[in-house]
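K.L.:
Dock chain B against chain A, hints included.
So the sequence lines, in the order shown, correspond to chains A and B.
Take 1 as the starting number for the first sequence in this note's numbering and just add one per residue.
Take 1001 as the starting number for the second sequence in this note's numbering and just add one per residue.
Since the hints were made in silico from the structure, they are not lab data.
Note that the Cβ used here is the ideal one computed from N, Cα and C, for glycine as well.
Check before you lean on any hint, since a few could be wrong.
[To be verified] Straight-line alpha carbon distances no greater than 30 Å define the calculated DSS-like cross-link-like pairs of lysine-lysine that follow:
no., chain 1, residue 1, chain 2, residue 2
1, B, Lys1268, A, Lys18
2, B, Lys1343, B, Lys1310
3, B, Lys1268, A, Lys147
4, A, Lys18, B, Lys1258
5, B, Lys1258, B, Lys1203
6, A, Lys4, B, Lys1071
7, A, Lys175, A, Lys294
8, B, Lys1294, B, Lys1258
9, A, Lys137, A, Lys71
10, A, Lys71, B, Lys1018
11, B, Lys1004, B, Lys1137
12, B, Lys1363, B, Lys1018
13, A, Lys294, A, Lys363
14, B, Lys1332, A, Lys71
15, B, Lys1018, B, Lys1343
16, A, Lys203, B, Lys1004
17, B, Lys1203, B, Lys1147
18, B, Lys1139, B, Lys1332
19, B, Lys1137, B, Lys1363
20, B, Lys1147, B, Lys1332
21, A, Lys175, A, Lys137
22, A, Lys4, B, Lys1363
23, A, Lys18, A, Lys284
24, A, Lys18, A, Lys363
25, B, Lys1343, B, Lys1175
26, A, Lys4, B, Lys1147
27, B, Lys1203, A, Lys258
[To be verified] Here chain B is said to cover these stretches of chain A; the calculated rule only asks that three of the stretch's residues, wherever they fall, bring their Cβ under 8 Å from a Cβ of chain B:
no., stretch
28, 42 to 52
29, 71 to 83
30, 87 to 94
31, 248 to 255
32, 347 to 355
2 protein chains.
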Amino acid sequence: MHIKDFLTEQWMNDYERKAVVNLTDTSSVSLSVNDLLAFEPSFLDGLMLDYGWITGDPVLRREILSLYADKREETLTMTGGALQGNQMVMDLLLEYGDHVITITPGYQQFSDYPRAKGCLVSEVPLEESDWSLDLEKIKAAIRPETKLVIFANPSNPTGTWLDPACMEKLVEVCKVHDIWLLVDEVYRSYEDDEISVADQYDKGIASASLSKPFGLAGLRLGWLKGNPEIIHRVNVLRDYTIISGGPLGEGAAAVALKHRHEILERTKAVVDSNCAIIQAWLEKSECFSCVLPKKGTVSFMQIPDCLSSKQFCQDLLEETGIFFVPGACFDKEGYVRLGLGKKHEDLSGALESLETYTRRYLKEGRGRRQAQS
Amino acid sequence: MHIKDFLTEQWMNDYERKAVVNLTDTSSVSLSVNDLLAFEPSFLDGLMLDYGWITGDPVLRREILSLYADKREETLTMTGGALQGNQMVMDLLLEYGDHVITITPGYQQFSDYPRAKGCLVSEVPLEESDWSLDLEKIKAAIRPETKLVIFANPSNPTGTWLDPACMEKLVEVCKVHDIWLLVDEVYRSYEDDEISVADQYDKGIASASLSKPFGLAGLRLGWLKGNPEIIHRVNVLRDYTIISGGPLGEGAAAVALKHRHEILERTKAVVDSNCAIIQAWLEKSECFSCVLPKKGTVSFMQIPDCLSSKQFCQDLLEETGIFFVPGACFDKEGYVRLGLGKKHEDLSGALESLETYTRRYLKEGRGRRQAQS
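Isolated chain A (complex conformation):
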């Protein structure tokens, strides 16, 4: 298998630990072990570190099933993060020569993992004005050999959210052409107006985890929810690849899910507060604009078009400590990824510094894109 470098992850690996103010992280405020112990002081007591339950601790499974309308046990299995769930579904469904549709800008796993498996991938561009999806463009991309439509909802980096009505229309399209629909719901915040694709379509599969609005990426734990035939096949593949999720991560996850209302409300409060500060700043900014999303913890902010997003982000980090992932990592110049879920000591101050720095940077003619020169 030959697979391209994963640009965003590589950028994070290379630079993240140099950040003083990380404005690009997709997760919300991370919880600590102590936070979980505050919810349930004894959840670690006597916990044996054996393989545990192979397809998931029953208490954890019950909590997860309560997030969906379809509560059948055979519609759920555990994975090591949502992205591993995506991998397993793609490994099982996709053969050399199959056609896959995804959206762009999007998460690179959805395009370059199927490509590495010898699939042809169509990337349907979101509307740049507001990052909405034009369903007609999905329809136009469908071919006889289209096997799978895959994207995240809400999406990374644009924050695009397909509401249940829009998803219903997409499901109808997939149904007509008998196409599987794998939706990474890792940014779902489980509010009442959100519905999982697993509850909308019998060939729908949702992947999810506790990494984003739950702030528990460190558990490296996710799940797949949907079509029982695929879930069964995933369980067979799991025996070859992960065996189980382990009692430590699963025990912590069960605590978090039992207390999800508190955790998710905390996240919402942080995101709302950040968005208010960002919105007020954007209204005065001469350099930046951004469509703040209805859902999720991430957005894609426009920067001056003349700039090389990579050069700008490198210089900015070096000189101010402010950290972004550049649009170039999503194959889209003119943007940086702006995270919405982290608590900052002084977000207003950081944004002011960003504006001041960028105005001077432009004035000095620095960081120009090659194509613009």
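P.N.:
Just chain B, lined up with the frame of chain A:
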């Protein structure tokens, strides 16, 4: 991808939780969170559950590198268990039509995962007298399209251990034919007479974890050690499939590795005591015989040849609570897998019950194999 059911895992899933006396488990005595806290009382305090270090916590990495002669950072990366490491190496190295060599009886991942990828697999039988490997049979299996030799050392289920001199000969064979050598060292106990393939061959890759002699399967954490080019490619693939190991599992693993002498000595004491009891019992047994291995926590015990191993194991579990994985799950009738690493309240008593039950079972003519009738 179409992949066969993983017979051992499925058997464990179906029956393990009904066991009263589990005589088949491959892990040693499981540690609890409290055991780790006893080593380092504050290792969980304030631990943030974010993604953590992408290619492994530096403290953990230092502990792991100390297990090998080659201590270069670029020879190591973290995986979710050894089997996920094996998967990643096979995903990267193997293309449709490649030829793979493994040993039998062995771990089903090594034969049926490459088959699911469209590879041709030769299974070289171990010598039934003592489960040793005849290297000439490996040589005879090599073809021009042979890409990989893969097995576990010590091996599951037979306990076969290729000592450094024998491994050296195998490495010479692989070198001549430019074949990769992936050795699952999950049963390695890090005694002075053990050497990793990663320190013997530049196209050698070792996978390992804390699941077996460390008794920490619940961490779901392993690593790959070896050829830097492959490790780099694994790191790229990791960005698409796991991102990181997570601070919780890695923090616990670092504690365990710092205190490995104590943990491994405890395991050795249990295995030695179990083996002494088993050996004394075998000498008097009319129904069973077994070559107890020099290394590892698992062996393959001969049962009366007339029996269907599955039927016998099912009846035995149902009627006595004693649990084995049958040889049929390793495609080898006439055996059951006997674990050596667990502490039992009364192992002598359980073995006596096993003998008594089996004598009566045979006398009653139960559980005969179809082919024998």
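K.L.:
For each hint, tell me whether it holds in the structure or not.
P.N.:
Right, here's what the structure says about each hint:
no.	hint	result
1	B/Lys1268 <-> A/Lys18	44 Å, violated
2	B/Lys1343 <-> B/Lys1310	25 Å, holds
3	B/Lys1268 <-> A/Lys147	52 Å, violated
4	A/Lys18 <-> B/Lys1258	29 Å, holds
5	B/Lys1258 <-> B/Lys1203	29 Å, holds
6	A/Lys4 <-> B/Lys1071	28 Å, holds
7	A/Lys175 <-> A/Lys294	27 Å, holds
8	B/Lys1294 <-> B/Lys1258	25 Å, holds
9	A/Lys137 <-> A/Lys71	34 Å, violated
10	A/Lys71 <-> B/Lys1018	26 Å, holds
11	B/Lys1004 <-> B/Lys1137	26 Å, holds
12	B/Lys1363 <-> B/Lys1018	26 Å, holds
13	A/Lys294 <-> A/Lys363	34 Å, violated
14	B/Lys1332 <-> A/Lys71	40 Å, violated
15	B/Lys1018 <-> B/Lys1343	18 Å, holds
16	A/Lys203 <-> B/Lys1004	23 Å, holds
17	B/Lys1203 <-> B/Lys1147	11 Å, holds
18	B/Lys1139 <-> B/Lys1332	23 Å, holds
19	B/Lys1137 <-> B/Lys1363	39 Å, violated
20	B/Lys1147 <-> B/Lys1332	26 Å, holds
21	A/Lys175 <-> A/Lys137	16 Å, holds
22	A/Lys4 <-> B/Lys1363	63 Å, violated
23	A/Lys18 <-> A/Lys284	29 Å, holds
24	A/Lys18 <-> A/Lys363	26 Å, holds
25	B/Lys1343 <-> B/Lys1175	42 Å, violated
26	A/Lys4 <-> B/Lys1147	22 Å, holds
27	B/Lys1203 <-> A/Lys258	48 Å, violated
28	42 to 52	holds (count 9)
29	71 to 83	holds (count 3)
30	87 to 94	holds (count 3)
31	248 to 255	holds (count 3)
32	347 to 355	violated (count 0)
Violated hints for the displayed structure, listed by number in ascending order: 1, 3, 9, 13, 14, 19, 22, 25, 27, 32.
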